[in-house]
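*Asks:* With these hints in hand, go ahead and build the complete structure from the sequences.
2 protein chains.
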Amino acid sequence: MENESTYLLTTPQDYAFASDGDDFLPLDCGQTLRHVTLRYECAGTLNEDKSNAILITHALSGDAHCCGKHHPDDRKPGWWDEMIGPGKYIDTNIYFVVCSNVIGGCSGSTGPRSIDPETGKRYNMDFPVITIADMVRAQHRLMKFLQIPRWLAVVGGSMGGMQVLEWSVMYPDEVKSAVPIATTAQLSPQSIAFDWVGREAIQYDANWQNGNYEEKVPDRGLSTARMLAHITYLSDESMARKFGRNLQDSDEYGFNFSRDFAVESYLQYQGRRFVERFDANSYCFITRAMDYFDLADRAGGSLAKSLAEATADFLVVSFSSDWLFPTSQSKDIVHALLKNQQNVSFCEIESSYGHDAFLLEVDTLGTMIRGFLAHQQEVKK
Amino acid sequence: MENESTYLLTTPQDYAFASDGDDFLPLDCGQTLRHVTLRYECAGTLNEDKSNAILITHALSGDAHCCGKHHPDDRKPGWWDEMIGPGKYIDTNIYFVVCSNVIGGCSGSTGPRSIDPETGKRYNMDFPVITIADMVRAQHRLMKFLQIPRWLAVVGGSMGGMQVLEWSVMYPDEVKSAVPIATTAQLSPQSIAFDWVGREAIQYDANWQNGNYEEKVPDRGLSTARMLAHITYLSDESMARKFGRNLQDSDEYGFNFSRDFAVESYLQYQGRRFVERFDANSYCFITRAMDYFDLADRAGGSLAKSLAEATADFLVVSFSSDWLFPTSQSKDIVHALLKNQQNVSFCEIESSYGHDAFLLEVDTLGTMIRGFLAHQQEVKK
Chain A
0 MENESTYLLT TPQDYAFASD GDDFLPLDCG QTLRHVTLRY ECAGTLNEDK
50 SNAILITHAL SGDAHCCGKH HPDDRKPGWW DEMIGPGKYI DTNIYFVVCS
100 NVIGGCSGST GPRSIDPETG KRYNMDFPVI TIADMVRAQH RLMKFLQIPR
150 WLAVVGGSMG GMQVLEWSVM YPDEVKSAVP IATTAQLSPQ SIAFDWVGRE
200 AIQYDANWQN GNYEEKVPDR GLSTARMLAH ITYLSDESMA RKFGRNLQDS
250 DEYGFNFSRD FAVESYLQYQ GRRFVERFDA NSYCFITRAM DYFDLADRAG
300 GSLAKSLAEA TADFLVVSFS SDWLFPTSQS KDIVHALLKN QQNVSFCEIE
350 SSYGHDAFLL EVDTLGTMIR GFLAHQQEVK K
Chain B
0 MENESTYLLT TPQDYAFASD GDDFLPLDCG QTLRHVTLRY ECAGTLNEDK
50 SNAILITHAL SGDAHCCGKH HPDDRKPGWW DEMIGPGKYI DTNIYFVVCS
100 NVIGGCSGST GPRSIDPETG KRYNMDFPVI TIADMVRAQH RLMKFLQIPR
150 WLAVVGGSMG GMQVLEWSVM YPDEVKSAVP IATTAQLSPQ SIAFDWVGRE
200 AIQYDANWQN GNYEEKVPDR GLSTARMLAH ITYLSDESMA RKFGRNLQDS
250 DEYGFNFSRD FAVESYLQYQ GRRFVERFDA NSYCFITRAM DYFDLADRAG
300 GSLAKSLAEA TADFLVVSFS SDWLFPTSQS KDIVHALLKN QQNVSFCEIE
350 SSYGHDAFLL EVDTLGTMIR GFLAHQQEVK K
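Chains as they are written, first to last, in numbering that gives the first Met the number 0: chain A, 0 to 380; chain B, 0 to 380.
There's no promise every hint is true.
Taking beta-carbon pairs under 10 Å as the criterion, some of the chain A residues facing chain B (in silico) [as the list claims (entries may be wrong)]:
#1 V196
#2 D204
#3 G220
#4 N255
Label pairs and their calculated CB-CB ranges [what the hints assert, rightly or not]:
#5 G119(B) / G119(A): 54 to 60 Å
#6 S301(A) / D248(B): 23 to 29 Å
#7 Y268(B) / N92(A): 54 to 60 Å
#8 R276(B) / K215(A): 31 to 37 Å
#9 K215(A) / L8(B): 49 to 55 Å
Since the hints were made in silico from the structure, they are not lab data. Note that this is a predicted model, so its numbers are computed, not measured. Idealized CB from N, CA, C, for every residue including glycine.
*Replies:* Here is the structure:
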């Protein structure tokens, strides 16, 4: 492991589609996105036969900065820094790691707040409704640009796991192995419902202005949406253990409506922190992409048929207390793969952390991924 | 069972505390509420020895109209009409049923939208923060007014169940039996969190105006809060069965943000219907009362100690797919009662309906309640 003075430094880079002469990204909705840019970061070194590249796909609120620091003084490293780095579970001394911000995002890649070249103004709600497959199509362009012939592995949790699944069926020859974590092959109606309520909160914010906000942003609506989503990332058990019914500042009930309970204070903090780093329109577009994700639907309702395209080896991981993407949904993926006699390992990790476990159970998850990747490197295929 | 022409007719009545000379209701928060009125309804006939009275306590969005119709042409009967009426499970040919709207409510009883006699204006957010115990104190005044010496049973689900538990420990000599259904002895941090987000949605609505709305009401915020709460009343399974990923009006994704999925359309409908009949400030006050409900806390954290006051026979009922007030929370009540060697029957009803099951599994629940009540009538105690 590195010490502080040798901290892994990563540099955000931009890939503009125009740089390779083909500026068109066709989308599932029928529209075409132009002037696309992907923000991405790399860590480690691509080996000579280009066989050690791993794509990390991020979750709803993630970005390209998955590991290391941009500057030694940065207060925090990338979002999966405990997993990825020199000597870590996804070892950048061994692997070449790539992570890019999804299209529709707000952390460097083209999204609803980008300038529409046709109008010279922000897209806002005129941005086309993108899908998980569209995100993957854009990443595939980046892969070509980086001259990577095949990913040793595509690894991601939550919405990142949806991208992993898409990769495995859209570009089977270019994905040697796939690690979908705490995810689903089709978003459940309950999750669609939560997304709907979150977007309602954003779009009802007086500052939202049909997405055309400038100085005054719909931070209250976005904060409400985030707080709601945050509840679904935790488990009843972890909330009981972390907060219980503890009061925040007093031994007695305040008999008022300000934050009285520790859990209220925590949510408020999470909401406020989120609006500093995330955009409301992006939140709408990315949650909508998740709503539309249904791998089974495209093969007439058969997940097995849909996954039959994949040639990758799979490692599917779920967490016991995750009620947003419960183990049963991971098992649906595993059963479909087994039905096709595809190569799949599966583990449900015991954890009380709920959906957030994919970011918190680093040692258990990391040990599993490290072993899986080592095996992938050895296997000729 | 009655046919349409003999439909049970019920009449809403108002009990003003002032009518018996004592207009003061002391509250847990230390304040005193004056000019209190309770809206209530009765069905059936009080027998000579006044031993057949049953109090029905309602849930968050309920009211005093638990059974029958106010007028034969009413489109819908009271909220628990399948349970209560002539020849029904809680048989008004046998029992005298009373149900009153809680204080803090918006269906006839004194609440935040009532006129504060001190100012001549609506209380709005100056209304005192009430508790479940305060609701029960007010109901107890109604009981005295009706000259009922003891309830044969107090019966209620969800927040109604909290009132049942309060009754059993606050007025043990006046409660012969208690039926808390789909409820908890202390609101969990997860539920506190959902309540918080719901109130944020209301209070961020530009029309809310710190609760001082008049013509323009915060219906969007209230609708968002209701939609969120509604998700927690259903189960993942019931949503999957009822809506799945079905689209509302088309065979293809709309690639937009209007209601595309059936579950979105359903939620939107529920939200819109709710704002027609419920008040935003009441929603804030009643959810806050639930947040503060913790029967264990008042006896130094011991639910058994707290429940030791009760002398009632208990029938505790939970539903297998209720994740808002899961069976484990009902079992906490049962275990505490058993520890005290109190008389308790318990049943977890198998149901896929989630928390809403207490209103939907009428036959299973009703059969159980009917038997329990019949036994209570026989037992001398």
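*Asks:* Decide, hint by hint, whether the structure agrees.
*Replies:* The hints, checked one at a time:
1. V196: 5 Å, holds
2. D204: 7 Å, holds
3. G220: With a closest approach of 7 Å, the G220(A) hint holds.
4. N255: This hint holds: N255(A) lies near chain B, its Cβ roughly 6 Å from the closest one there, short of 10 Å.
5. G119(B) / G119(A): 54 to 60 Å: 56 Å, holds
6. S301(A) / D248(B): 23 to 29 Å: Holds - the Cβ-Cβ distance for S301(A) and D248(B), about 25 Å, lies within 23 to 29 Å.
7. Y268(B) / N92(A): 54 to 60 Å: 56 Å, holds
8. R276(B) / K215(A): 31 to 37 Å: Given range 31 to 37 Å: holds, Cβ gap about 33 Å.
9. K215(A) / L8(B): 49 to 55 Å: 54 Å, holds
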